[in-house]
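A.B. asks: Sequence:
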Amino acid sequence: MNTKLKKIGELLHLCRKNKGLTQNEVGTMIGVQKAMVSKVENGLCVNFNTISRIAEALEVEPIVELKPVKKTDKKIIDYVMTAIIEFARRHSLTIREASNYLNRFKGIDFLTEFYDVEHTLSFNDCVDDLTVICQNNGGAIR
Numbered sequence: 001m002n003t004k005l006k007k008i009g010e011l012l013h014l015c016r017k018n019k020g021l022t023q024n025e026v027g028t029m030i031g032v033q034k035a036m037v038s039k040v041e042n043g044l045c046v047n048f049n050t051i052s053r054i055a056e057a058l059e060v061e062p063i064v065e066l067k068p069v070k071k072t073d074k075k076i077i078d079y080v081m082t083a084i085i086e087f088a089r090r091h092s093l094t095i096r097e098a099s100n101y102l103n104r105f106k107g108i109d110f111l112t113e114f115y116d117v118e119h120t121l122s123f124n125d126c127v128d129d130l131t132v133i134c135q136n137n138g139g140a141i142r
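The sequence shown begins at 1 in the working numbering and counts up one residue at a time.
Derived from the structure by calculation, the hints contain no laboratory data.
C-beta: ideal position from N, C-alpha, C; glycine also.
Do not rely on the hints blindly, as some may be mistaken.
Ranges between beta-carbon positions, derived for each pair [stated by the list, open to error]: (1) 77 to 24: 49 to 59 Å; (2) 18 to 97: 53 to 63 Å; (3) 10 to 49: 17 to 27 Å; (4) 6 to 114: 26 to 36 Å; (5) 47 to 18: 51 to 61 Å.
With a straight-line Cα cutoff of 20 Å, these simulated SDA-like cross-link-like pairs (lysine to any residue) come out [claimed, not checked]: (6) 39 to 24; (7) 7 to 74; (8) 74 to 45; (9) 106 to 118; (10) 7 to 79; (11) 4 to 76; (12) 106 to 131; (13) 34 to 47; (14) 75 to 61; (15) 17 to 51; (16) 7 to 65; (17) 34 to 75; (18) 39 to 50; (19) 7 to 66; (20) 75 to 47; (21) 74 to 56; (22) 17 to 42; (23) 17 to 85; (24) 4 to 20; (25) 75 to 65; (26) 106 to 60; (27) 7 to 28; (28) 75 to 112; (29) 19 to 3; (30) 106 to 79; (31) 34 to 45; (32) 75 to 119; (33) 7 to 85; (34) 39 to 56; (35) 75 to 14; (36) 7 to 31; (37) 19 to 53; (38) 6 to 45; (39) 7 to 62.
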């Protein structure tokens, strides 16, 4: 279930309750069955027209936020792969073991999130950072 749709549904549910209305009453106001109002409130409806009509009936304004999806470009992928190889080399692991470890203990997430800074460092410093990040997230490699 989409957590954002569930959150929208929860907010509409609260607005409806605050207005003292039942799902049936809201459904009647906008020309849909009570079941459709229930689906929206439970995050099961992706029909934005229905969501918008319910919001209008409850005298609230739905605001949609669109933001670009962060695209992982080839440079980041190449950098992460090289960092995994260097991490494996330093800690005497196979590349697969290093990759699984870094993924499990958030090292890869760290590299992609902070690529802009990390790629300016030496791979030695990068591996040091990865080791600490993974330790902080429960990893045992020192």
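A.B. asks: Look at each hint and say if it fits the structure.
C.D. replies: These are the hints, each one checked on the structure:
1. 77 to 24: 49 to 59 Å: Since the Cβ atoms of residue 77 and residue 24 sit about 53 Å apart, the hinted range of 49 to 59 Å holds.
2. 18 to 97: 53 to 63 Å: holds (54 Å)
3. 10 to 49: 17 to 27 Å: Once the Cβ atoms are compared, 20 Å apart, the range 17 to 27 Å for residue 49 and residue 10 holds.
4. 6 to 114: 26 to 36 Å: 30 Å Cβ-Cβ, so the 26 to 36 Å window holds.
5. 47 to 18: 51 to 61 Å: Violated - the Cβ-Cβ distance for residue 47 and residue 18, about 23 Å, lies outside 51 to 61 Å.
6. 39 to 24: holds (12 Å)
7. 7 to 74: Given that 20 Å is the threshold and the Cα spacing comes to 34 Å, the pair is violated.
8. 74 to 45: Violated: residue 74 and residue 45 sit about 36 Å apart, past 20 Å.
9. 106 to 118: OK: residue 106 and residue 118 at ~15 Å, within 20 Å.
10. 7 to 79: violated (36 Å)
11. 4 to 76: Violated - the C-alpha atoms of residue 76 and residue 4 are around 28 Å apart, more than 20 Å.
12. 106 to 131: holds (10 Å)
13. 34 to 47: Given that 20 Å is the threshold and the Cα spacing comes to 15 Å, the pair holds.
14. 75 to 61: violated (41 Å)
15. 17 to 51: holds (16 Å)
16. 7 to 65: Distance of about 13 Å is within 20 Å: holds.
17. 34 to 75: violated (51 Å)
18. 39 to 50: Holds: residue 39 and residue 50 sit about 10 Å apart, inside 20 Å.
19. 7 to 66: The given pair, whose Cα atoms are some 16 Å apart, holds under the 20 Å limit.
20. 75 to 47: Distance of about 38 Å is beyond 20 Å: violated.
21. 74 to 56: violated (45 Å)
22. 17 to 42: Given pair residue 17, residue 42 holds - Cα atoms ~14 Å apart, limit 20 Å.
23. 17 to 85: violated (56 Å)
24. 4 to 20: violated (24 Å)
25. 75 to 65: violated (29 Å)
26. 106 to 60: violated (40 Å)
27. 7 to 28: Cα-Cα ~23 Å, so violated.
28. 75 to 112: Judged against 20 Å, a Cα distance of about 11 Å means the pair holds.
29. 19 to 3: violated (24 Å)
30. 106 to 79: Since the Cα atoms of residue 106 and residue 79 sit roughly 16 Å apart, the hinted pair holds (cutoff 20 Å).
31. 34 to 45: holds (13 Å)
32. 75 to 119: holds (10 Å)
33. 7 to 85: Violated: residue 7 and residue 85 sit about 41 Å apart, past 20 Å.
34. 39 to 56: Holds. Residue 39 to residue 56 sits at ~17 Å (cutoff 20 Å).
35. 75 to 14: violated (46 Å)
36. 7 to 31: Violated: residue 7 and residue 31 sit about 23 Å apart, past 20 Å.
37. 19 to 53: holds (16 Å)
38. 6 to 45: holds (9 Å)
39. 7 to 62: The given pair, whose Cα atoms are some 12 Å apart, holds under the 20 Å limit.
Taken one by one, the earlier hints fail for this structure at numbers 5, 7, 8, 10, 11, 14, 17, 20, 21, 23, 24, 25, 26, 27, 29, 33, 35 and 36, listed in ascending order.
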